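Asker: Now for the letters of each chain:
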Amino acid sequence: MNVIYTDNNATTRVADEVIEEMLPFFGGFYGNPSSMHTFGDRVGKKIRQARQKVADLIHADPDEIIFTSCGTESDNSAVFSALNAYPDKKRIITSNVEHPAILNLFKYLRDKKGYDVVLVPVDKKGDLDLDLLYDSLSDDTAIVSLMWANNETGVIFPIPEIAEKVTEKGILFHTDAVQAAGKIPIDVRAAHVDMLSLSGHKIHAPKGIGVLYVKKGMKFFPYLIGGHQEKGRRGGTENTVSIIGLGKACELAAQQLPIMNTQVKELRDYLQSQLLEKIPGVSVNGDLENRLPNTLSIGFDAVEGESILLMLDKEGICASSGSACTSGSLDPSHVLMAMEVPFKSAHGTIRFSLSHYNTKEEMDHIVKTMVSAIETLRAMSPFWKDGKLV
Amino acid sequence: MWEYTDKVKDHFMHPRNVGELKDANAVGETGSLNCGDALKLFLKVDENERIVDASFMTFGCASAVASSSALTEIVKGMTLDEAAKVTNGDIADYLGGLPKEKMHCSVMGKSALQKAIADYRGIQIMEKPGEMVCECFEVTDLEIIDAVKANGLETTEDVTNYLKAGGGCGKCLDRIEEVIASVKAEG
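These protein sequences, in sequence, are chains A and B. Residue numbers for the first sequence follow the UniProt record's numbering, beginning at 1 and rising by one. Residue numbers for the second sequence follow the UniProt record's numbering, beginning at 1 and rising by one.
It is worth saying that the hints were derived from the structure and are not from the lab. Model, not experiment: these values are computed from the prediction. For glycine and all other residues, C-beta sits at the position ideal for the given N, C-alpha and C. Hints may be right or wrong, so weigh each one.
So, partial list: chain A residues that the calculated Cβ filter (under 10 Å) puts toward chain B [said to hold, decoys possible]:
1) 19
2) 167
3) 303
4) 313
5) 331
6) 332
7) 344
8) 384
In silico SDA-like cross-links for lysine to any residue, where the CA-CA straight-line distance does not exceed 20 Å [as the list claims (entries may be wrong)]:
9) A:113 <-> A:83
10) A:385 <-> B:21
11) A:385 <-> B:173
12) B:7 <-> A:313
13) A:388 <-> B:171
14) B:76 <-> B:171
15) B:9 <-> A:369
16) A:89 <-> A:139
17) A:385 <-> B:27
18) A:124 <-> B:34
19) B:171 <-> A:334
20) B:9 <-> A:376
21) A:385 <-> B:34
22) B:100 <-> B:87
23) B:22 <-> A:382
24) B:85 <-> B:74
25) A:344 <-> B:74
26) A:385 <-> B:100
27) B:149 <-> B:173
28) B:149 <-> B:182
29) A:344 <-> B:34
30) A:314 <-> B:7
31) A:314 <-> A:83
32) A:107 <-> B:168
33) A:344 <-> B:149
34) B:22 <-> A:390
35) B:100 <-> B:180
36) A:169 <-> A:113
37) A:107 <-> B:169
Which chain A residues stay away from chain B? Per the calculated CB distances, all over 12 Å, these [to be verified]:
38) 14
39) 29
40) 48
All chains, please: the whole structure from these sequences, using the hints.
Answerer: Structure (structure tokens):
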């Protein structure tokens, strides 16, 4: 059975070109990039090239790129660095729809370290309450950290506008751009951000490699203290093969950005319109305009997400759910709850996240499978009768 | 992905006894749309109080559907007295086990069965006897005590897995711990 993969906000297929770039460095070229010999420097040179390609994707300088192990490490490093830079400032600000890499870190800092945490809410479309955010800024604020785009709904926060206002007040600004990278243009200079996180496996590079951009001239306190690697900003021998793969992935992502915003977006819109047309009791979550081109978060009344996912899985279709039952928690996703998505559709929300590998034929198969799955589940649901919610 | 037994998968993909039983004379409902799980159990009981047919309608995950399907298979042919003794453990065992985080699905089955039996016998079940402990999922201390005793639950996490209590805002976790301690103190 062919797999139809529409879970690209969870992880992506490693691009063939990326694998090809990496392969020699698994085998013959195993030198340590820090070594004082040509054999090692062959790897070092590839890492320098990769650093340049990563920098190019976000319009940064290569010196501003720190390789990490993942997006979570990048997020944690950024926040801890800011707290070390301003030990007397006790307020930290984020939103209530962040990825757990930030949200749980902030909760830890509140509960265990006594920080005054402000969780800025979103409205029903998933857009940030900017007035509340700006009102929360104070002299006591060490850092504002906001995601550029939401992983569940794809809703994009106006990061350049926010970052400018925050940094004007002398407050550090970090953005988790893990979902935005490769899907919308990113220019760290124009966006006024101090720090920015990326993750390789969301842009067709392998898992286990991340990036933290740190603006030149900014005080940085390393999270991982060790050797001189990454100019002393992140100790530990480099994950050389993955860094080389990430460089290639960034080069490809830059080339494919227009495709993401035309072909992939059209496919997503086609899937959305077909599901809305062919299935009653359906609603799309999030700001329809201000949204990543590849993401569709869509709720089906009176059915439960895990059940839908298992029926999709039987047909080889990979997607995600905002349902509690897939996560081991009991409430639907914190993002959907923050947006006050009604329970009737929150429990039955499915996230389809596309890539340039998807086709129209795949979308047609998804629609056909979804029509059948929703009909089957609603036939046994006590909350669905005669074509409507009861 | 959850590790479901083949029997859970089978009962989810091919649920037995689905739909409204038109000539049911006992109905038990539990759960809600907000909770994410709900079960409506239909029983047809003959004059000797024997369950001659059973069906269900369920909103929920694979475990909820499979538990409901299993419940209907278990109780068919039983007398109401026999059915009254069916526990959530019996439902889980019938399916070859459930992930611990999904045990509340089997508890939902037991609850719907008790309500259906009470419905047939015309017994008014007081909706929520006892003191409300978990406001999010409307679980009382008596329900927690019953679950702790019946299933040998040890921790607040166990209680959440079985009853959902404490799985929302978490404000009641201390109280749940007190209830568990009180059961342990009783021996």
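Asker: Kindly indicate which numbered hints from before are broken by the structure, ordering the numbers from low to high.
Answerer: 1, 2, 11, 13, 14, 25, 26, 31, 33 and 36
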